[in-house]
Amino acid sequence: MFVKRVPDTESKIKINHETNSIIEEGLNFVLSPYDEYAVEEALQIKEAKGGSVTVFSVGPDEAKTTLKKCLAMGADEAVLIKDDTGETFDALRTAKIIAQLLKTKYTEFDLLLFGKQSVGADSAQVPSMVAAMLDLPQVNVVTELEVDGNAGSAIREIEGAREKVAFKLPAVISAQKGLNEPRYETLKGIMAAKRKEVPVITLGDLGIQPDDLAANLRMAKMESPPVRESGKIIEDEPAVAAKKLAEFLRQDAKVI
Amino acid sequence: MILVYMECRDGKIKKSSLETLSEAKRKGDEMSMETTSVLVGHGVDALAPEPFRYGASKVYILENALLGHYSPSGYTQALLSLVKEIKPEIILFAATAMGRDLSPRLAAKLGVSLAADCVEMIAKDGKLEVKRPIFAGKAFASFTFDTSPQMASLRPNVFSLAEPAEGQGETIKKEVSIAEDQVKDKVVETLKAEGAELDVTEADIVVSGGRGVKGPENFDLLRELTDILPHAALGASRSAVDAEWIDHQHQVGQTGKTVSPNLYMAFGVSGAIQHLAGMSSSKYIVAVNKDPEAPIFKVADFGIVGDLFQVIPPLKEELKKILSE
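Residue numbers (my numbering), protein chains in the order written: chain A, 1 to 256; chain B, 1 to 325.
Don't take every hint at face value.
Which bits of chain B does chain A cover? Going by a derived footprint, with three or more residues having C-beta under 8 Å, they are [claimed, not checked]:
| id | region |
| --- | --- |
| 1 | 88-99 |
| 2 | 114-123 |
| 3 | 134-143 |
| 4 | 175-189 |
| 5 | 201-207 |
| 6 | 243-257 |
| 7 | 293-302 |
Taking lysine-lysine and the DSBU-like style, the derived pairs with C-alpha atoms no more than 35 Å apart in a straight line are [as the list claims (entries may be wrong)]:
| id | chain 1 | residue 1 | chain 2 | residue 2 |
| --- | --- | --- | --- | --- |
| 8 | B | LYS316 | A | LYS254 |
| 9 | B | LYS127 | A | LYS221 |
| 10 | B | LYS290 | A | LYS232 |
| 11 | A | LYS168 | B | LYS320 |
| 12 | B | LYS283 | B | LYS14 |
| 13 | A | LYS103 | B | LYS84 |
| 14 | A | LYS243 | B | LYS298 |
| 15 | A | LYS244 | B | LYS214 |
| 16 | B | LYS192 | B | LYS321 |
| 17 | B | LYS192 | B | LYS12 |
| 18 | B | LYS14 | B | LYS58 |
| 19 | B | LYS58 | A | LYS244 |
| 20 | B | LYS127 | B | LYS283 |
| 21 | B | LYS192 | B | LYS214 |
Partner residues aside, some chain A positions facing chain B, computed with beta carbon under 8 Å [unchecked claim]:
| id | residue |
| --- | --- |
| 22 | THR9 |
| 23 | GLU10 |
| 24 | ILE15 |
| 25 | THR19 |
| 26 | ALA91 |
| 27 | ALA121 |
| 28 | SER123 |
| 29 | VAL165 |
| 30 | PHE167 |
| 31 | GLY178 |
| 32 | GLY231 |
| 33 | ILE234 |
| 34 | ALA242 |
Derived by calculation from the structure, the hints in this document are not laboratory data. Positions of the beta carbon are idealized from the N, C-alpha and C atoms, including for glycine.
Build out the structure end to end from the sequences listed, making use of the hints.
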C-alpha cells in the first residue's frame, strides 16, 4: 500500500513565484482521497483472505500523520521512506524509490495498491511506472477487484465504458472512487495507532544516490489559472430567462 | 522525429489521438521535425491511411494476434521495440484512459519522465515546453525535459483537430515478437455503459447537475437536455454523486474528472472550490441556481437566478427550435 500526504480538496492553492512551488503554510494536509479507497480495499482483502497490510509513504516527517491514519483504519504496519525533497511533479523519481524498496527490503508481496492518482500532482503515473520497473501486471482506475489464489480480476473505468482485466498476482492495482466505502477510524484504532512506531527508511538505506534521482522534468514556471470574469446574471421569469439563455448560446457564445 | 500513439476503439482511431497528432504536426513543422504515428493491435491495417490525413508522414503498424485486446504490459513491449529501433525525440499520447495507463509504463521502461495531461505545448529551440494543470486546475506548471525521448500525454478536447487533407505516406508494418507471458494484464471484456454515454472529458457540451437536482430521478430532465444538444455529456457535482443519485463516472471536480468543453451548463451546482477546479477552463459556462450568492455565478458567462425545474422545460423547447433551424 502506498499513500501520499496532500492538501485537502477544499484548499485554495497559492503560488510562491520565486521558488515555483505552492505555499504550504495554512494548508490542511490529508491522506490523498484515492488512497483511502486503496487502504480500505487492502483491509477488506485482508479480512476476507488473511495476510497483512503494510503502508508506505515517500515524503517528509509530516507524512507520519498520514501513515498513522492508515494504522488507525486498521493497517498492520506503516513505514516512512524519508524524502525531504518536496514536490517535484516527477513521478519517475517516486517510482524509482518505491521500486528500489520493493527490490531490496520488502520483496514479498501479493498486491501493490495505490490511489489512482495523488490529488495535487495529478500525474497518475507512479503505479504504472512501478509495475514496469518490477515487470508486474497493472490495472489502473479500478472500481471492482477480485482476488482468488494467485488469480486476479479487476474492472477499470474508461471513457463511457468499463474494462475487465485478468491478471496473475503479484500485481499493481490503483483505486478509483467507487471501489468501496472507506471506513472511519475507530477510537480504539486511533489509540492503538498512537502507540505504534512508524519506522523510517532513508534513501541511503535503500542504496539510492542523489544522482540516481536527478530530475528529468524541469519546472519552467508555475502559475495560477486565468481569472474568469463573471458575466451576465439575470432574474427573469423562467420562460423569458430560458429564451435569453438560448439566444446567448446561439448568438454570443456561438456554441450551438 | 515525433511519434504519436494512435488509440483504436471500436475499430476506429480515437478523435483525441488525431487531435494529438494534429498538434504534433504543428509543432513538428515549427521544429523541422518529422511527424509519425504508430498503431498497435491485431488486424488494424485498415486504419493506416487515417493518420496521413492529419499530417503523419509514416504509420507504423505493430501487429500480433496477442495484441488484439489492450494490455498495458503487452502494448508497452511492442512499443518499446519500435522506439528502440527508430529512436524518436518526442513521443506523444492522448491523455485518455488508455493513454494515461500505457504512457507511464513505456516511459519507465525507457527510464524517462513523462508530463501527463498537458494543455499547452510550445516549441522552444527544437525542444518542447509543456504546460499541465496541477491540483485539478487550481494551478498550472510548465516543464521542459532533461532526457530524451521527451514524453507527454495531451488532454482530449483541448488541442484543435487539423482539417483532414489528402495525405499520403509510408506504411511500415512490423510483426511484433511477443510471448504470451509478456501479456500480463489483458482486457478480457469491455462492458459498455447503458446507451454508451459520451464521456464528460470528450464532450463538446457538458450538462451538469448538483445538489439542486434533488434526487436521482430528476437527472432524467438533464439527460433529456443532453440528448437535444450535439455531442453533449451528462456531468455531476460531488454532492450528487456522494448522494448516489448518479454514477461516479459523471463526477466533475477534484475527485472526479477535469473537463474543458466548449460549453459547461451547471444546474443546481453551487460551485464548491473543488468543483470549480474541474470545470473552470471550459470555454463558456452557464449556470442556473436558486441562490444568487452561489459561487458558480462568479465564473459563469451567463447565469439565471431561478429554479432549474422551471427553466429547463422552456429551455429545451427554445433549443429544439434553434437547432432545427
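Item to check | Hint check: 8 Å Cβ-Cβ cutoff, ALA121/A to chain B | outcome: Check passed: Cβ of ALA121/A comes within 6 Å of chain B, closer than 8 Å.
Next on the checklist: So if I understand the rule, the pair passes when the alpha-carbon distance is 35 Å or less; does LYS192/B with LYS214/B pass?
Outcome noted: Status holds; Cα separation ~27 Å.
Item to check | Given hint LYS254/A paired with LYS316/B - CA-CA distance at most 35 Å | outcome: Judged against 35 Å, a Cα distance of about 17 Å means the pair holds.
Checklist entry - Does the CB of GLY231/A sit less than 8 Å away from some CB of chain B? => result Given a least distance of 4 Å, the restraint on GLY231/A holds.
Checklist entry - Close enough to count: is the Cβ of ALA91/A nearer than 8 Å to one in chain B? => result holds (7 Å)
Checklist entry - Mind checking, does the region 201-207 of chain B have 3 or more residues with a CB under 8 Å from chain A? => result Coverage by chain A holds for the region 201-207 of chain B (4 residues, Cβ < 8 Å).
Checklist entry - According to a criterion of three or more residues whose C-beta lies within less than 8 Å of a C-beta of chain A, is the region 134-143 of chain B covered? => result holds (count 10)
Checklist entry - Would the pair LYS192/B and LYS12/B pass a check requiring their Cα atoms to be no farther apart than 35 Å? => result OK: LYS192/B and LYS12/B at ~16 Å, within 35 Å.
Next on the checklist: At least three residues with a C-beta closer than 8 Å to a C-beta of chain A: is that true for the region 175-189 of chain B?
Outcome noted: holds (count 6)
Item to check | Agreement of hint ILE15/A with chain B interface, Cβ distance less than 8 Å | outcome: This hint holds: ILE15/A lies near chain B, its Cβ roughly 6 Å from the closest one there, short of 8 Å.
Next on the checklist: With the threshold set at 35 Å, check whether the alpha-carbon distance from LYS244/A to LYS214/B stays at or below it.
Outcome noted: holds (25 Å)
Item to check | Hinted pair LYS127/B and LYS221/A, Cα distance within 35 Å | outcome: holds (16 Å)
Going through the hint list in order, the structure does not satisfy hints 11, 19 and 25.
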